[in-house]
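K.L.:
Order-wise, the sequence lines are chains S and X. Residue numbers for the first sequence follow full-length UniProt numbering, so the first one is 1 and each next one is one higher. Residue numbers for the second sequence follow full-length UniProt numbering, so the first one is 1 and each next one is one higher.
Fair warning: there could be bad hints in the mix.
It does not matter which identical chain is meant; a pair holds if it fits inside one copy or across any two.
As the list claims (entries may be wrong) - Restricting the straight-line Cα-Cα distance to at most 25 Å, the calculated cross-link-like pairs of lysine-lysine (BS3-like) are:
#, residue 1, residue 2
1, Lys232, Lys184
2, Lys248, Lys232
3, Lys63, Lys248
4, Lys142, Lys248
5, Lys149, Lys202
6, Lys248, Lys156
Think of the hints as simulated: they come from the structure by calculation, not from any bench.
2 protein chains.
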Amino acid sequence: MSGVLHIVGLGPADERWLTLEAQEALRDAQDIIGYEPYVARVPVREGQTRLASDNRVEIDRAKEALSRAMQGRVVAVVSGGDPGVFAMAAAVFEAVDNGPRAWRELDIRVAPGVSAMQAAAARLGAPLGHDFCAISLSDNLKPWAVIEKRLEHAAKGDFVIALYNPASRARPTRIADAFAHLRKFLPGETFVSLAKSIGRAKEEIIFSSLEAVDPCEVDMSTLVIIGASGTKRISREGARDWVYTSRKAT
Amino acid sequence: MSGVLHIVGLGPADERWLTLEAQEALRDAQDIIGYEPYVARVPVREGQTRLASDNRVEIDRAKEALSRAMQGRVVAVVSGGDPGVFAMAAAVFEAVDNGPRAWRELDIRVAPGVSAMQAAAARLGAPLGHDFCAISLSDNLKPWAVIEKRLEHAAKGDFVIALYNPASRARPTRIADAFAHLRKFLPGETFVSLAKSIGRAKEEIIFSSLEAVDPCEVDMSTLVIIGASGTKRISREGARDWVYTSRKAT
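All chains should be built: construct the whole structure from the sequences, respecting the hints.
P.N.:
Now the structure itself:
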């Protein structure tokens, strides 16, 4: 008798972005598994096991969750944002693909969530209002040349670009390299928005341009949005400007 | 004394995808404004005004909402999915940009939601697990040549591609044209998933490939996901296969 494996999106930091489905899955689970700061966001419930681990062990965490579900447990693997976007869902299915055949019989349910770019966009106005792409700058699992190729085509295609994982201790110059590469294809005045710690008390938005942006402003909790030709800024007095991307092609 | 304008994402059809923030905004609003099927999804509350309109009048709807908020009302404009992704948020900010200066002083709050591609991805496995882009095939507001250019760069950049608005009565061959264009740049065996009516009782998933896909299977409620080189299918017995995109570059 096998159990259930929920892969649950908690959304960005603000708990008001939780969906009803995610809440139900967290309530039903016997075991909560995830990166420590995400597990810490799940309300403690008596009798529920909590297994918090380091950020780098995604595949180990996925295997642990799958093994427990195979033993008949109801397990929730938790992710910030949407588990389907640069998060735990791909790691779990990768583990299934390379694991014992029996894992394919499991009941695996993904509960989507609000991803970081959507929360950032909501704060800014509507920068993702037209065609956009999402690129992870993490080069742990892909060569930097692949990232450069994607940045180039995203720029040439005139997409709004949301950059995930823009900084890390291992590669602090990553975002500076990405900005430098984008400058080869996009005008210097291209809008850049840095959405920092969205949903937390220290939330901050910085507006800049591709030529003026300071890479040192970008940390691990920053979501970077590069505008397209149709991205516009609405100036306001006494309040933060709004940014949106017109639905019309320019 | 001006009011508040909430731009609220209802998520795809299943109400379990609503966020707590969206629920609160719907509860607080005096006026609910939106495309008829979305307004119909909001629980009726005594004393709340409901203004349902046709799909094509987004800017008129935005102006009506802004005018009411200026009169001091608490207004909620509702969208399916995420209002920030091919939905009402860009229309509202476009109206503000082109409207009376006083509209810029309004308190406008966007409540993000689960977008169609995320719900589709959750059902499929984790196809958006790595770099992806979202393209609207609607050519009401942009020339088809712009769409073709974006499809080309999305393909050349090896992005997973989520296609919104793939069909309409006005242009029934739109999705067939898009598949034909993508075939110039991508191998025929490229994975194609059609996620139909996700979250509704008649929900259906169809797996195919770029060379074999039948454009007639795509209707207005279909979200199309085109795989990248790292997209894989996990075969299962007696259950639907899973699709995920590996976090490793191939």
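K.L.:
All hints, please: hold or fail.
P.N.:
Against the structure, the hints come out as follows:
1. When the C-alpha separation of Lys232 and Lys184 is checked against a cutoff of 25 Å, the pair qualifies only within one copy, where the shortest distance is 21 Å, while the shortest distance between copies is 33 Å.
2. Taking the closest pair of Cα atoms, Lys248 and Lys232 come within 25 Å of each other only inside a single copy of the chain (12 Å); across copies the shortest separation is 35 Å, beyond that limit.
3. For the homomeric pair Lys63 and Lys248, the shortest alpha-carbon distance between copies (18 Å) is at most 25 Å, but the shortest distance inside one copy (46 Å) is not.
4. For the identical chains of this complex, Lys142 and Lys248 are inter-copy neighbours only, at 5 Å across copies versus 34 Å inside a copy, given an alpha-carbon limit of 25 Å.
5. Proximity of Lys149 and Lys202 under a CA criterion of 25 Å is satisfied in neither setting, with 34 Å inside one chain copy and 40 Å between copies.
6. Taking the shortest Cα distances, Lys248 and Lys156 sit within 25 Å of each other both inside one copy (18 Å) and across copies (24 Å).
Of the numbered hints given earlier, the model fails hint 5 alone.
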